[in-house]
Amino acid sequence: MSPPISMVLPMTDAQTVFDAWWGWPPPVLDPAGPYAESVTVLAWALFAMGAVVTAIVAAALYVALFGPAKLKARIGGEKTVWIMGIAFPGVVLLGLLVWGLTLTASLTDPIRGDEQRIRVTGHMWWWDVEYLDAQGRVVLRDANEVHLPVGRPVVLELRSADVIHSFWVPNLSGKKDMIPGRTNLLKVQAEKAGYFGGVCAEYCGGPHALMGFVAVAHEDADYRRFIAGEPLGVPSLAEQQDVPGQLPALARRTGAVAPVSAQAGAVGGALDGEALFMANGCAACHRVAGTEANGLAGPDLTHLSRRLTLAAGVLPNNRGSLQGWIADSQAIKPGNRMPSYDLLSAQDVAAIAEWLDTPR
Amino acid sequence: MVAGTFKESTDWQGAGWAFSVWAAHFSALWGASSAFPVDPAARWIALVATVLALAALALVWRRRRDIGGGFVLPLALGLSAVAILFGALPALVG
Amino acid sequence: MSETGFDHALYDRFPTQGPRPEGELEELERIWCKPTGWQLLTAVNNNYIGIYYVGTAFLFFLLAGVLSLGMRVQLAAPMQEFLPLETYNQFFTMHGTVMMFLFAVPMVEAIGVLLLPQMLAARDLPFPRLSAYAFWAYFVGGLLFFCSLFVGLAPDGGWFMYPPLTSIAYSPGINTDFWLLGIGFIEISAIAGAIEIIVGVLRTRAPGMTLSRMPIFAWAMLVFAVMIVVAFPSVILGTLLLELERAFNWPFFDPTRGGDPLLWQHLFWFFGHPEVYIIFLPAAGLMSMMVATIARTELVGYRLNVLAIIATGFISFGVWAHHMFSTGMPRVSTGYFSAASMAVSLPAGIQVFCWIATLASGRIRWSVPALFVVGGLLVFVMGGLTGVMVGMVPFDWQAHDTYFIVAHLHYVLIGGMVLPMFGAFYYWFGMTSARPLSERLGGWVFWLIFSGIHITFLPMHLTGLMGMPRRVYTYLPDRGLDLLNLVSTVGAFVIAAGVLLFVVDLFRNFRFSAEEEAGNVYGGGTLEWLPTGLYSTRSIPLVRSREPLWDDPGLARRVEEGRYFLPGSATGLRETLITSPINAEPQYLQIMPGPSPWPLAAAVGTALHFLALTVQAYGFSLVCGLVAVACVLRWLWETDRPLKHEEADVGAGIVLPVAITGPSSHGWWALNTLMVVMGMIAFMAVFAYLYLYGIHPEVWIAPPPLWQSGLVAGLAAAALGLAWASRAVLARSPKGVFPGQGPWLLAALGSGALAASAWLNWTGWQDAGLDAAASGQGATVFALAAFQGVCAAIAVIMAHYLGYRSGRGLLTGPANVTLDIVVRFIGYVALQGLLTALVVRFFPGG
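Here the protein sequences line up with chains A, B and C, keeping their order.
Note that my numbering has the first sequence beginning at 1, numbered continuously upward.
Note that my numbering has the second sequence beginning at 361, numbered continuously upward.
Note that my numbering has the third sequence beginning at 455, numbered continuously upward.
Hints in this document: simulated from the structure, not taken from any laboratory.
Where is the CB? At the ideal position from N, CA and C, for every residue including glycine.
Check the hints yourself; a few may be wrong.
Short, incomplete list of chain B residues facing chain C, as computed with Cβ under 10 Å [what the hints assert, rightly or not]:
| hint | residue |
| --- | --- |
| 1 | Thr365 |
| 2 | Phe366 |
| 3 | Thr370 |
| 4 | Gln373 |
Beyond 10 Å from chain B on every Cβ pair, some chain A residues (computed) [unchecked claim]:
| hint | residue |
| --- | --- |
| 5 | Glu37 |
| 6 | Val41 |
| 7 | Tyr62 |
| 8 | Gly90 |
| 9 | Leu93 |
| 10 | Ala105 |
| 11 | Leu140 |
| 12 | Val150 |
| 13 | Arg152 |
| 14 | Asp220 |
| 15 | Ala279 |
| 16 | Gln330 |
| 17 | Asp342 |
Hey, can you work out the whole structure from these sequences and the hints?
Put into structure tokens, the structure is as follows:
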């Protein structure tokens, strides 16, 4: 595959965004915080139990089928069933049950009230993320990324705007459903800085497969900068002109990833981008703080320049993919709620992308 | 196996009773925890229900032990008791 | 010492001695004659219906398998475009739905219909026309449902159909209605089959076959059928509620108006998890039967195994919410379901070790069924162990809704049901085909399927842990998932190759025959291996042990010579022996209905009724519904006819009554089972009502005034009394004497009181200001009232049918089966109306 995008955050070294998400080691077995770690220990114990019991059954079966008559006679009676089929599993299951129950209790320890509060609302097929202060006021509205402070507990308030979704970052904890009419609380804590992949785990129709996000754990200072809306040292989109290598299939399909420089066209400049954004109705769904755009049906685009991905974890965020997304979002994520603006000229698309790229 | 008589010698209905006790116990526990999701009352109801369920199993044993059928009734009562005790654990440990 | 007063000493008269009368066998053959040509459509005999049923279920297995191949091709590489996402979503929904509802449950039920009468040495199942109806309803309904795929209208909400995704707001098309009406309808067919099987196992066993001598498959089918009766009403109610929400905007699942999406999940999984055991238990029964034959010894731990089946039947009803651990339910609640999930593993362990111990205690004769039994056991154990893992709440929070679960459930269901099924195909093939299947090809079939399973599903454990969620039509590249998915796809085609080879062998060797069949290829010891014709065995043997053929080598010959019960036809009609439920003592002779076109016509009418509802052709739907009701009544008309004989000699001079009425009759048992089904629907509806009150009490309004509730209850009580009086008046009439129009008029009056009670209940709530579309209370109260209204309407139809029969002079004293059934139904509906109306009017008190 082509080289990864170099989007280096302050707290990571050469780690690359997409590499860090999934893959090897499996994130369920690669915990990054206490709410995942104890489950990983349990998981290994369960795998060991599974392997041992499978081996016992296979061995018994082997003896029953091919073993010497003397051994066969020893297991060929009801005693085998009492010992191996009742007593042994009874003891194993009792032990597992007690472990499971105590672990469940420790993973659902009560909310103390001093945790960082983040409200995540599932939409078909993206995530609305609001950072709250202790009083529950929204201090920052963002989308498709969840930023966490390292070493501090965070309570996620999970809701849904339409159908049932499920919030899952395997490195940090198990999943929790987002159910219309309810608010589910999920406590997580990251013990190390880094990027962790997240997905919607509950089938939510249409392009459910393409409803992902990134959880980013920051050291405290970085986290404060993030909440304040300051740039995070991410190279601006304009500097990242290279075609993202990660998604050749998507790139082929959109045909629009080779970015067009707005300045090269007749219309140029950030101001024109804003006018085009308003004139084409984008503001009906999207909010850009400090402008007239105040739509709530789609992701908040205020801090788009800081985002790592587009289309809810599908495309790496750079100028080319942003232009491709605006021009032909339906080809990239079929069925999503944003129409393809394929009637716009390449220059118009470029202007809008450039305006959106402006750090705010 | 050629058995002489044409009369059923195993108390299969007794097994049905044993597991019915489990079903009642389970319903009581789940009902209580749904009605009082955060209230400790649910745990107390669970403990009382467990004692009652075990007593009911003992009653089944007293009433039916003479019907016969070897280990079937004791094992049914035993399995039901294990399931009941498993079921009571979340009220104690969780 | 006897259960029914039957003198066990009479058993000593068997086997009878001396020559049998001339032409006895020929008469039997004439009565149970072979259908030819168009008669194949009107056949009701279990040999035919069973084969049709198994064949159709296997067809759906192949069709759903083809869908899975399409899905695996799409997932072979990241961001493929083989299937567009709309198609993929329909494919995976249909794969799950068809496998569960149109393959697995019907298949085990079909095997039951095919095998049970022969295993129990009954002439047929007790309600042959009901089997025919259940089959044809399933056949027509299932095929129409599947065809929705070809016009792009197949459901796409997943086989679990969670609202609000499946509510009208997010699924406006009729795709979802296809699922709700199609599946709801097919469930009704499954319930009809279950009633048949319960009565069949408990009442048509050969004399002397006490419960402990039943073949273990009969035990499994008994528990299976009881579980269907308890579990399926829940999903039927769920589909009705969701359809009401979609069609009339009643907010059962809409949280903005006092509904709750999780209500659906409770209703669905209360059915959905027992469903897994409903599929597994009969297959486990088949395993137990085959294991004994393979090891050439009796099953070790027969009673342990039966107890395990019973225990599973109960405890599997306490695990449903382990599908809902991540919904945020109270922690203690999750613990209860986790505990039950652990407990239910114990009986499974008992069964597995019973099989291993049996294999160890005997001398193995290797054969294709042996391969499938051993392979199935291993695969099932592996799936069961991952099942224990996901029964642990914290691990489930990680594994839930990922490919880990896909791997788990396929191991369980393939190891627990599909492999035993293939083994059973080979093992019992000789019962219905003149030629056995090839042992040589069979080895290939097994190894292809067995290795294919591991190639396909073992890697999925890992893709799940790597974060791949279920139900995704594609995945992004560079996440380490590419290779594992490609391996899974290859494995799927290996399985497909094995299945294809089986189909080839099927075409080469399947020659249907009930008389000249290949027979007992593997040397089984149970009664289905007696020589049979379409009438099952020539005479119905006296059963002295679990494997009578092994213990009594001369049995087959003597049965064939007619030395036991019913050596010919006692009445010149199709008949079978009804025996007592525990000791199987002969009680009476049942006259069985013969071939009839009406079950088929009723099934087509019912299927078209539901199809027309789906496409919103309400007029046509009504017509089809009426046609179906008319066909059912027409078929019932012949089943309760005046008899030429009141008693008959069933062999060796033992005289039994013919076709009795009252609590010992098989019709009474079937009606009681049906009442359990209806009672479960009402019970689950009351649960829905209380559940929504618990979630959103704020939308509840005050109930109608007390006097009105009193009147509703009083009318229902009056109906109960009238129903009782109707039977009492008939009972005063001497034997065979027509008592006049009194009894049916009382029953009709009773049904009228029911209708009045239901109507008053409905309008009373309306006057109290309750609006079905406004709140969860309105929706559930009116749903209960509507259910009661439908039951009352059925009671009115039944009363009129009774009146028509009375007008023809067919109601004679002192008891009549049709009247018994009608007044008992009226009485039940009265009680149901009384209880449900009072619960919602007095609790939680408004």
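With a cut-off of 10 Å on the beta carbons, see whether B:Thr365 makes it to chain C.
Constraint on B:Thr365 satisfied, holds at 8 Å.
Taking 10 Å as the cut and beta carbons as the points, is A:Ala279 off the interface with chain B?
51 Å, holds
Evaluate the condition: distance from the CB of A:Val150 to the nearest CB of chain B exceeds 10 Å.
30 Å, holds
With 10 Å as the cut and Cβ atoms as the points, is B:Thr370 at the interface with chain C?
With a minimum Cβ separation of about 5 Å from chain C (threshold 10 Å), the hint on B:Thr370 holds.
Classify the label on A:Asp342 as holds or violated, using whether its beta-carbon is more than 10 Å from each beta-carbon of chain B.
51 Å, holds
Cβ separation check - A:Val41 to all of chain B, threshold 10 Å:
18 Å, holds
Test the statement that A:Glu37 is away from the interface with chain B: the closest C-beta pair must be farther apart than 10 Å.
20 Å, holds
Given B:Phe366 was flagged as interface, is its beta-carbon under 10 Å from a beta-carbon of chain C?
5 Å, holds
Reported absence of A:Asp220 from the contact zone with chain B (all CB gaps over 10 Å):
33 Å, holds
Chain C contact restraint for B:Gln373 - C-beta distance below 10 Å:
Nearest chain C Cβ about 8 Å off; hint holds.
Verdict on A:Ala105 as a residue remote from chain B, using beta-carbon distances over 10 Å:
Since the minimum Cβ distance to chain B is about 5 Å, A:Ala105 lies within 10 Å and the statement is violated.
Distance rule for A:Tyr62, whose beta carbon must clear each one in chain B by more than 10 Å:
Answer for A:Tyr62: holds, closest chain B Cβ roughly 28 Å.
Hint compliance for this structure: hints 8, 9, 10 are not met, and every other hint is.
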